Each structure stands twice: as structure tokens, then as C-alpha cells.
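Engineer: The residues making up each chain are set out below.
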Amino acid sequence: MIPLSRDALARMVALHLPQEGFVNLGIGAPTHVADYLPEGSGVILHSENGVLNVGPKPAAGEEDWDLINAGKMPISLRTGGSYFDSSLSFAMMRGGHLDVAVLGAFQVSKAGDLANWTTGDNGSPPGIGGAIDLAVGAKSIWVMMDHTTKDGRSRIVERCGYPLTARGVVTRIFTNLCIIEVTEDGLAVRALLDGLAIEALRDRTEAPLRVMGDSLTITQDGSVA
Amino acid sequence: MRNVVVEDAAAAVEGIKDGDTVMMGGFGGAGLPLGVVKAVLDRRVRDLTLISNNAGSTEDDLSLWFEARIVRKIVCSYPRSAKQFAEQYRAGTVELELVPQGTLVERIRAGGAGLGGFLSPVGVGTVFADGKEKIVVDGREFILELPLHADFAFVKGHLADTLGNVTYNKTARNHCAVMATAGRTVAVEVDRVVNVGDLDPEAIVTPCIFVDRVFARSSR
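Quick mapping for you: the protein sequence lines, in order, are chains A and B.
Residues in the first sequence are numbered from 1 upward in steps of one, following our numbering.
Residues in the second sequence are numbered from 1 upward in steps of one, following our numbering.
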């Protein structure tokens with residue numbers, strides 16, 4: 001069993017986004033989901049610094065540093081795109097106008113608590129940015145992360161040990177091993193990587209997991225069937 | 001006719017003094033009035049309270065203010081990847097008030113709009129609610145967030161006419177358009193100053209009533 005690559009994980013998330021949905025991809029790894037949106041998905045990407053209908057990275061030499069995303073990387077604007085100030089941008093976020101936000105995380109609890117802004121390490125200044133506003137405001141909060149830390153500890157936990165971003169907001173977790181739904185009855189495995197037994201997943205997961213009746217299989221390219 | 005155009009960045013920061021609160025527009029480099037960054041340094045003021053989304057990241061931005069140690073406190077959402085700030089933060093020589101980005105801009109908006117604050121769901125159940133008044137509306141808990149004001153708001157626009165009407169360029173609008181409502185003195189660095197009547201009234205984002213000073217960035 002080989003865990004999904006970063007690209008395959010991004011592809012798996014992209015294939016699940018709602019047709020013609022308004023979606024925010026946060027910063028960092030989730031922004032790669034944009035590279036795998038299926039042709040004709042009609043998804044409209046929002047970036048917190050004030051742009052709707054974010055397009056692909058411009059070609060080298062074509063960058064415009066007044067046209068960047070929340071990760072401060074150059075982007076392009078799709079036809080039908082628009083610019084607005086930060087107040088209006090966060091009205092979109094807090095006001096429940098975004099269908100899905102995809103965020104990275106350090107930890108997610110069995111209750112859907114999200115910890116993704118600091119590990120509490122005093123060595124470097126913390127930054128919160130717009131993750132917390134997204135976590136409270138988007139209709140669905142999806143987390144995309146490696147299932148365990150580099151030293152093998154579960155990121156899906158009974159209770160978050162790191163400072164919280166928001167309580168009880170995560171609705172779905174995509175990891176390099178599985179897809180988990182956060183339900184009122186706890187965490188439920190929706191899909192499992194091909195070749196990985198549920199017992200082996202439970203060994204890598206601190207929080208209790210149940211398996212949905214119609215659970216699916218994930219292949220190495222991030223497809224789910 | 002009203003004319004708010006001043007000669008340069010030095011004239012735009014005239015009157016700034018030790019201990020002032022200063023808003024600086026920008027998200028990263030987009031919307032940061034770089035001429036103002038340098039003109040404020042030249043004034044040799046100290047003990048500033050800086051309200052800004054970021055705390056600099058390269059050698060040629062707000063990092064210069066931390067290197068020169070002229071900031072006593074920063075009210076900020078994402079002071080990451082900021083080497084000079086981080087050094088002073090670790091040394092305990094600069095105070096950080098960390099604010100969720102949407103709360104930061106809305107506190108600035110409240111300041112500019114004459115509001116006594118607003119109720120936000122962001123931060124409920126986290127450290128961002130510590131020490132703040134909680135108010136329940138229709139069964140949902142909110143945090144009372146207070147307005148931000150500043151002695152000076154400095155932002156970067158694209159075009160301004162001589163009256164002080166301002167347009168912005170792409171995502172460089174970010175916090176700038178909101179900060180431009182919230183400073184006791186508002187100064188805008190623009191790419192170009194144009195004549196009254198040259199701007200499409202539908203395209204003006206910051207109407208001139210908010211703007212005290214405008215200057216064209218130097219092409220150096």
C-alpha cells in the first residue's frame with residue numbers, strides 16, 4: 001500500500017467539488033486542487049484577497065504582481081472574473097456565500113474541530129490570516145491533509161491538542177489514505193485506499209472510525225469508485 | 001476647485017509623529033504604498049502602532065520598519081515569513097495583536113463608518129474570543145469586536161484625479177479601499193494623477209470625500 005501522492009490527493013478533492021460551486025482553496029497544498037478541476041466543472045474559485053474566478057498561474061514573464069492569490073502567488077483572471085475589497089471578500093466568506101472551502105490542517109477532531117493555524121511553538125510568530133473566517137463561514141469545510149504526521153502520529157484525533165481555529169466545522173476529511181465524513185454519530189469512512197484494510201486505517205487513526213455501508217475504493221490516481 | 005495632490009511621499013507623510021497609529025494598505029506587496037514606507041523612515045519617528053495585514057517579507061517593504069525598530073505594536077492578521085519582525089517578536093521588543101483577517105478589515109470598516117463595533121461569529125470557542133464580550137443573537141454566540149482608527153491611513157491606488165477620487169488595480173485593492181475610510185489623514189500613492197473628469201464615475205472605488213492627500217509614485 002502506497003499512500004496517495006500530493007497530486008493524486010489534490011485530484012481526488014477536485015473530482016468531488018460541486019458542479020458550478022463557489023470554492024475557496026485557502027493557501028498552500030489545497031491550491032493545487034485547481035490544477036485538477038475537470039473540464040466543464042464550472043467551479044468558480046474565490047481568493048480571500050479580493051478576486052472571484054481565479055484562473056491558472058500565468059506563464060513565466062507574464063506575472064502581474066497586482067494580481068495574486070491568498071498565497072501571494074501570481075494568478076490570472078478568468079472571463080467573468082471580478083475584483084473587490086477585503087471587506088466584501090470576507091462578507092462572501094463569513095456570510096455563507098461560498099459552497100466549499102478546502103483547508104489544510106494540523107489536526108481534526110472526531111467532532112469536526114479544526115486546528116490549522118499554530119502548533120503553539122513560541123519560536124516563531126503565529127499567523128491566522130483568513131483561515132478562521134473561512135472555517136466559520138463556508139457552507140462546507142473540507143480538510144485536505146496527510147493522514148499522519150511525519151513521525152507517524154494520527155492527525156485525526158479525539159480532541160485537538162493544538163489551539164483551535166474553529167469548533168465543529170469540518171464536514172469532510174480527505175487524506176492520502178481515505179475520505180472521512182464527519183457526522184453527528186462520529187467519523188465515518190466513505191472511501192478507502194485500494195489495498196488498505198480498515199483495521200490498518202484504524203491503527204493509524206486515534207479517533208474511532210465506522211465504515212459507511214456503501215464505502216468506496218480509492219485508486220492511486222485519486223479516482224474513487 | 002479642491003485639489004489634494006501633493007508633491008511626493010515626503011509631503012504625504014507630513015505631520016506624522018512619535019506614537020501615532022498608522023494603517024498601511026496591502027496584501028503582501030500588492031497595494032503597499034512603498035514610497036510611504038521609505039518616507040516614514042526618513043521622518044525618524046518611533047513607537048508607531050502599525051495596522052497592516054502583513055509584517056513585511058522581503059528586504060524592500062514593511063520589513064524596513066522593523067529593521068529600523070520604529071514599530072512598538074502591530075495589529076496584524078498574518079505576520080509570517082517576516083524575518084525582521086520575527087526577530088523582534090522573539091526578543092519581545094514588539095507587541096503583536098493577532099486578528100483574523102476578516103475581523104481586521106471589518107474593525108477598520110467600523111472605524112471608518114462611525115460604528116461602535118460589530119458582532120462576529122469568527123473566533124467563538126477559540127483563543128480569539130479571550131477577554132472579549134460575548135453576545136447571543138437568536139441563539140447563536142457572537143463576539144463583540146471593536147473599531148480601529150488611525151492617525152494616518154496610507155494606501156496604494158492606481159489612478160487618482162486631483163479632487164482625490166481613486167481607482168485601484170486588480171487585487172491591489174484588498175485592504176486599501178477600506179483603510180482609506182478610516183484614517184484621520186488619508187494619503188494615497190498612485191501610479192498616475194489624472195484630471196477631474198477623466199475617471200469613469202462608475203469605476204471610482206474611493207470617493208474623494210475620504211482622501212486628504214494624493215501623490216504619484218516616483219518612477220525610480
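Hint data in this document are derived by calculation from the structure and do not stem from the laboratory.
Some hints here could point you the wrong way.
[Claimed, not checked] Per the computed footprint, the stretches of chain A lying under chain B, defined by three or more beta-carbons under 8 Å from a beta-carbon of chain B, are:
(1) 44 to 55
(2) 123 to 131
(3) 194 to 200
Computed from a predicted structure; not experimentally measured.
Each residue gets a CB set at the ideal place from its N, CA and C atoms; glycine is no exception.
Engineer: Decide, hint by hint, whether the structure agrees.
Structural biologist: To see whether the hints hold, each was checked on the structure:
1. 44 to 55: holds (count 5)
2. 123 to 131: holds (count 8)
3. 194 to 200: Violated, because only 0 residues of the stretch 194 to 200 of chain A bring their Cβ atoms closer than 8 Å to Cβ atoms of chain B.
Consistency note: the structure conflicts with earlier hint 3 alone.
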